[in-house]
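Sequence lines, in order, name chains A and B. Residue 95 in this note's numbering sits at position 95 of the first sequence; the count goes up by one each step and never skips. Residue 85 in this note's numbering sits at position 85 of the second sequence; the count goes up by one each step and never skips.
It is worth saying that the hints were derived from the structure and are not from the lab. Beta carbons are placed, not taken as given, at the ideal position from N, Cα and C, and that holds for glycine. Incorrect hints may appear among the rest.
Residues from chain A shown here face chain B by an in silico Cβ test under 8 Å; the list is partial [unchecked claim]:
(1) F45
(2) L148
(3) V194
(4) L196
(5) I198
(6) D258
(7) G264
(8) F278
(9) V281
The following residues of chain B were derived to be distant from chain A, with all beta-carbon distances above 12 Å [claimed, not checked]:
(10) I19
(11) F94
(12) L102
(13) L107
(14) L118
(15) L146
(16) M149
(17) L278
(18) M283
Take a look at the letters that make up each chain.
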Amino acid sequence: MANSQQVGEMLNVPVMRRRAIWAGMTSALRGVPIFPAAILALFIFFGLFGRLIVTYDPNVGALRDSLTPPFWQAGGSTKHLLGTDPLGRDMLSRIVVGASTSLQVGFFVVIICGFIGSVFALLSGYLGGWVDIVIMRLTDIVMSMPFLIVALNVAAIVGPGKYNLILILGLMGWAGYARILRGEVLRLKESYFVRLAIVAGCSKPRIMVRHIFPNIANTLVILATLNLGVIIIAEASLSFLGLGIPPPTPAWGSMISDGRSYLGLAWWVSTFPGIALFLVVLSSNLLGDWLRVRLDPKFRQL
Amino acid sequence: MQRYILIRVAQALLCVVGISIIVFLLSYLSGDPAVLLAPRDASKAQVEEIRHQLGLDKPIYEQYWKYVSGAVRGDFGESLRWKTPVMKIFLERFPNTIQLALAAMALALVIGVPTGVLSAVKAGTWFDSFGKVFAFVGQAAPSFWLGTMLILLFSVTLRLLPTSGMGSWRNILMPAFALGWYLMAALTRMSRSAMLDVLDSEYIKMARIKGVPEVWVILKHALRNAAIPVVTLSAMQFVALLGGTAIIEMIFNWPGVGKLIVDAIFARDYPVVQTIVLITSSMVVFANLLVDILYGYIDPRIRYQ
């Protein structure tokens, strides 16, 4: 039998509500794969606070320190744990600060693509008719054009730069979202709650935003996490070819490209940024996969 | 069925027209070729003259029409750098890219599909874990970094394979591997998942009950049905491969269309860029069209969408 304090506590609504919210949040996160989440969190931390914690200036190097090997190899020292690049800049600092570029571009592009994709999917799926036809043809066109080459082309026109890059990748990447989300919208259009909303007199925009969108949000999040890796690699590819983030800002793609002329002498210049890229993309893919299995059993076949 | 094919063909043509408009606009906005072509100390009047000669002072829809009517006949203009018809340059390089893409595709199929199938058949064992890891790693490693690492390992350190150029199987091995890597991983995942699905179905259980040897069950009954999604994925990804050749060709100096277009972009050689984007996009559109029609034959439900 509970004592009077417990009973009093049981009836304490604010506390119970807080507990319920906490229980909901922790149960949602139950089973989250630890390693990918930790790695991604680490790189996000680097992205946000990288500039504050590095010991060397990532943009400035001492030429006499050029091409120092990592500390475990002969000629290396613990002064530069992962060695230095051809201009004498510390590799570790550059990799840490480079995280900010890759992740910023990744997140912003994914948000833009998600937004455009959802809007198009809602309009196209719910309104149907001409709107649907026009939007679907537009999606076909964007999906048919080779992503990298058109991005290169536009980057050559508007010039390099982080925000230009975000815009370019954002304007090209929404097509996949639009297509898949449109399928969801079409499916939801026939459901009872939408029909009830129509009967109740809800306007079309209200139905799309208030009723349909929350139900496609799950798929949207899944698509976004799976797409993040692709976008990060796309940004790195553009930087690798020289049309991404301009120097001296560290970007993993351009760092890999810098190291290509020195492969025989200094293998670490190309290798470590690539490992960082690989880890971030792998973690984001694994998390996306876990999320997919967790949120939407239908998706397991992908 | 006829109606379905007609609708899809009309959509594909509309798509190509849309692409040509976008490609044309991109070129138009890229800057003024007349300024690039004229010698540096040319006066304004001379630049105007060049512009007039190239037909660049005409209204935009006239330029577009000129471009399209030429394109339909196969005349895509001349490269600004080499003064030869773009089509000729393209046709010289295209077989090289196809060769690379086919090699990548072959490698991906030969390595990816058996890995996926075995992974499914031996689900839960160490091989399955290996297969899953392989698939994930493959989809996460960027192809250009992988290409660079391969060069580091096989050319610089072990001195087994050449770093660039075309010629023997040694030259094509690394680029094909780097290019096909992502597809290998995707095929492993897809084959595994398709195979797992099929192995669960009634007719497989029936075959086992009948006493058919397990190898025969897998190869003859299961594989055929698991092949459908794998084949579709391969067909669609083949065209994506064509886009991915750009970076690989740059790294390995492979004289193909990808390298051509990246060089052209940097050299501001707009006719070449325009043409290649148009041609590759059209190939994607028609490949999708073929796949859709094929699907219409295989799965009748799709025709009534």
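Now the hints, each set against the structure:
1. Evaluation of the F45/A hint against chain B yields a violated restraint, the C-beta minimum of about 20 Å exceeding 8 Å.
2. The interface hint given for L148/A holds, since its Cβ lies 6 Å from the closest Cβ of chain B, which is under the 8 Å cut-off.
3. Interface hint status for V194/A: violated, as the beta-carbon distance to the closest one in chain B is roughly 21 Å, over 8 Å.
4. Hint status for L196/A relative to chain B: violated, with the closest Cβ pair at about 27 Å, above 8 Å.
5. Interface hint status for I198/A: violated, as the beta-carbon distance to the closest one in chain B is roughly 24 Å, over 8 Å.
6. The criterion of a C-beta within 8 Å of any C-beta in chain B is not met by D258/A, whose closest approach is roughly 11 Å, and the hint is violated.
7. Hint status for G264/A relative to chain B: holds, with the closest Cβ pair at about 5 Å, below 8 Å.
8. Of the supplied interface hints, the one on F278/A holds, with its beta-carbon coming within about 5 Å of a beta-carbon of chain B, less than 8 Å.
9. Interface hint status for V281/A: upheld, as the beta-carbon distance to the closest one in chain B is roughly 4 Å, under 8 Å.
10. Chain A draws I19/B into its interface by the beta-carbon criterion, the shortest separation being 6 Å against a cut-off of 12 Å.
11. For F94/B, the condition that its CB be more than 12 Å from all CB atoms of chain A holds, with the nearest at approximately 14 Å.
12. Listed as outside the interface, L102/B is consistent with that label: its C-beta sits roughly 18 Å from the nearest C-beta of chain A, beyond the 12 Å cut-off.
13. With 12 Å as the threshold on Cβ separation, the claim that L107/B sits away from chain A holds: the shortest Cβ distance comes to roughly 20 Å.
14. Under the 12 Å C-beta cut-off, the non-interface status given to L118/B relative to chain A holds; the minimum distance is some 20 Å.
15. In this structure L146/B is not separated from chain A by more than 12 Å, as the shortest Cβ-Cβ distance comes to only about 8 Å.
16. A cut-off of 12 Å between C-beta atoms contradicts the statement that M149/B is not in contact with chain A; the least separation is 7 Å.
17. Not every CB of chain A lies more than 12 Å from the CB of L278/B, the least distance being 9 Å, so the non-interface label is violated.
18. Separation of M283/B from chain A is inadequate, the least Cβ-Cβ distance of about 9 Å not exceeding the 12 Å criterion.
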